[in-house]
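The residues making up each chain are set out below.
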Amino acid sequence: MERFKSFKKLLGRGFKEDTALEFFVGQVRKRMTYGELNEAIDSYPLPKEKVVGLLVDNSPDCVLSILSLAGKRQLVLLNGDDDTEVLKSQIKATHVGVLLGDEDLVEELKDCLEKDYECADADILFFTSGTTSSSKAVVLTEASLCSAAYNGGSLLPLERSDSLLAVLPLSHVFGFVCSLLWPLSFGAKVYLGRGLKHIFFDFAEFKPSVTTLVPQMAGFLAAKNLFNKELRLILIGAGECPDSVLNRIKGLGIRVSFGYGLTETSSGIALSLGDNPREMTICPDYKVRIAEDSEIIVESDFTLMKGYYEDEEGTSSVKKGNVLYTGDLGKLENGHLFITGRKKEIIVFDDGSKLFIPEYEGKLASLLGTGSDFAIDKLNDGSLGLFVHGLEGIEDSVEKFNLQYPRSHRIAKIIHVETPLPRTKTGKVQRYLLKESEND
Amino acid sequence: MTREEIGNKIIELIKANQPGFEEIEIQEDTRINTEAGFDSMTFVYIMCKIESIFDISIPKRRWEKMMTLGDVIDAVEKELSKKK
Chain A
1 MERFKSFKKL LGRGFKEDTA LEFFVGQVRK RMTYGELNEA IDSYPLPKEK VVGLLVDNSP
61 DCVLSILSLA GKRQLVLLNG DDDTEVLKSQ IKATHVGVLL GDEDLVEELK DCLEKDYECA
121 DADILFFTSG TTSSSKAVVL TEASLCSAAY NGGSLLPLER SDSLLAVLPL SHVFGFVCSL
181 LWPLSFGAKV YLGRGLKHIF FDFAEFKPSV TTLVPQMAGF LAAKNLFNKE LRLILIGAGE
241 CPDSVLNRIK GLGIRVSFGY GLTETSSGIA LSLGDNPREM TICPDYKVRI AEDSEIIVES
301 DFTLMKGYYE DEEGTSSVKK GNVLYTGDLG KLENGHLFIT GRKKEIIVFD DGSKLFIPEY
361 EGKLASLLGT GSDFAIDKLN DGSLGLFVHG LEGIEDSVEK FNLQYPRSHR IAKIIHVETP
421 LPRTKTGKVQ RYLLKESEND
Chain B
1 MTREEIGNKI IELIKANQPG FEEIEIQEDT RINTEAGFDS MTFVYIMCKI ESIFDISIPK
61 RRWEKMMTLG DVIDAVEKEL SKKK
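If you read the sequences in order, they're chains A and B. Letter by letter, the first sequence follows residues 1 to 440 of this note's numbering. Letter by letter, the second sequence follows residues 1 to 84 of this note's numbering.
Just so you know, these hints were derived from the structure itself, not from any lab. Among the clues, some could well be false.
[Stated by the list, open to error] The list that follows gives simulated cross-link-like pairs (lysine-lysine, BS3-like), each with its CA atoms no further than 25 Å apart:
no.: 1; chain 1: A; residue 1: Lys224; chain 2: A; residue 2: Lys344
no.: 2; chain 1: B; residue 1: Lys65; chain 2: B; residue 2: Lys49
no.: 3; chain 1: A; residue 1: Lys354; chain 2: B; residue 2: Lys60
no.: 4; chain 1: A; residue 1: Lys363; chain 2: A; residue 2: Lys331
no.: 5; chain 1: A; residue 1: Lys400; chain 2: B; residue 2: Lys78
no.: 6; chain 1: B; residue 1: Lys65; chain 2: A; residue 2: Lys110
no.: 7; chain 1: B; residue 1: Lys78; chain 2: A; residue 2: Lys88
no.: 8; chain 1: A; residue 1: Lys50; chain 2: B; residue 2: Lys65
no.: 9; chain 1: A; residue 1: Lys207; chain 2: B; residue 2: Lys78
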């Protein structure tokens, strides 16, 4: 396995005449060979602006733009499906000078652009999950992302004959590295999924041998029996995956590997390779140790972020040199890493998205009244629950509150608790005790 | 197709595709999140089925604004009227 420093070099692994990308343009299925892709990258017109925002939509044009502009312009990857206000805030925060992608959305966002911003860097910025105030731009590089693909590929090699269906958003680092760079670094084929609306049909259409999914998608597709019989490997990441889902997929004769990583580490830190998906083998570039409070601390010379964009304080709070404090809790056993929880007050959903509890509850407080007795937590079925004490008739208000969030971050159940919520002496809600109220 | 017929077709579809909904009464004011309890993936699946049986395409940005079953029926009615 070879380590690359640029996407162009990584693509050089593919045979010129082999298919690199296969996709739909309207109703027509098309392909692009490695040779054609390389030529298209060489002839890609560079914009004069130094910071380019990409409204990522997994289209071939978008993939070509990322591969062509990397290393030549500062690239900001934006999720075109995000709320417009979130996008505006992200564009302003990163000084985007020109925006590429869906024309209507570009038109809607054009007033946020900063045309003359000078930038000497040519990094790739990914946003972590979160809302306008909590989402952070993480500065990665071509080299760090290529190293992440090298790490994953070293533990979980693919064949040139493999074909991977890419359905995860490429604006998220897990989707980008594991759905695009990982297969391309082996000269394999990438099927570009047609978007969320088509995910239920894309497996039957493309018949991939490999795919990458978040737990919620994996569980749903398995339950509906929508995987094709040629599928041999699913790499699952970005969230906890229930045993029931893993067992169902294994029952279909499909190998499951589970990945653990962060945007701040350019994706994977460890992968499960054997029968136990919780037992993770640490990727070659990492040294992992566990702090006294069980926090996972990782060290790498190749894959860590440069930092959070224009946020020295935020960066220095989690990164010291080539060491990163992950905020996740874990343990090491026989050299294998096991994830045991989260240090920060964050809910990680089965679709891989994260919710910052203090911020969310702060907004709820302005709806329910400051000082009201309430708390949120993830319920046993994976959805979001609102636990309240002494608050009646709030259903309509909560339903309206829900509209400002993506569907996975909406309150699915209001649980009225008879006694005041359990709290510590400092007033912090003891969330683990809330689970008992859910079961009552 | 009348509003009632659209509604009935959607309810039939939900009951056929979502385990546990066979015996549950679903009405226009049923809230998709807090009452029907669809997670985001289930919602997308049901919406795709709705688009398929009515042969319409509802803009994805509109999906996020839907609160009740009535909102879904409104969207279907709107798209069907464009086809006339």
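For each hint, the structure was consulted:
no. : hint                : verdict
1   : A:Lys224 - A:Lys344 : violated (34 Å)
2   : B:Lys65 - B:Lys49   : holds (18 Å)
3   : A:Lys354 - B:Lys60  : holds (22 Å)
4   : A:Lys363 - A:Lys331 : violated (35 Å)
5   : A:Lys400 - B:Lys78  : holds (22 Å)
6   : B:Lys65 - A:Lys110  : holds (24 Å)
7   : B:Lys78 - A:Lys88   : violated (29 Å)
8   : A:Lys50 - B:Lys65   : violated (36 Å)
9   : A:Lys207 - B:Lys78  : violated (35 Å)
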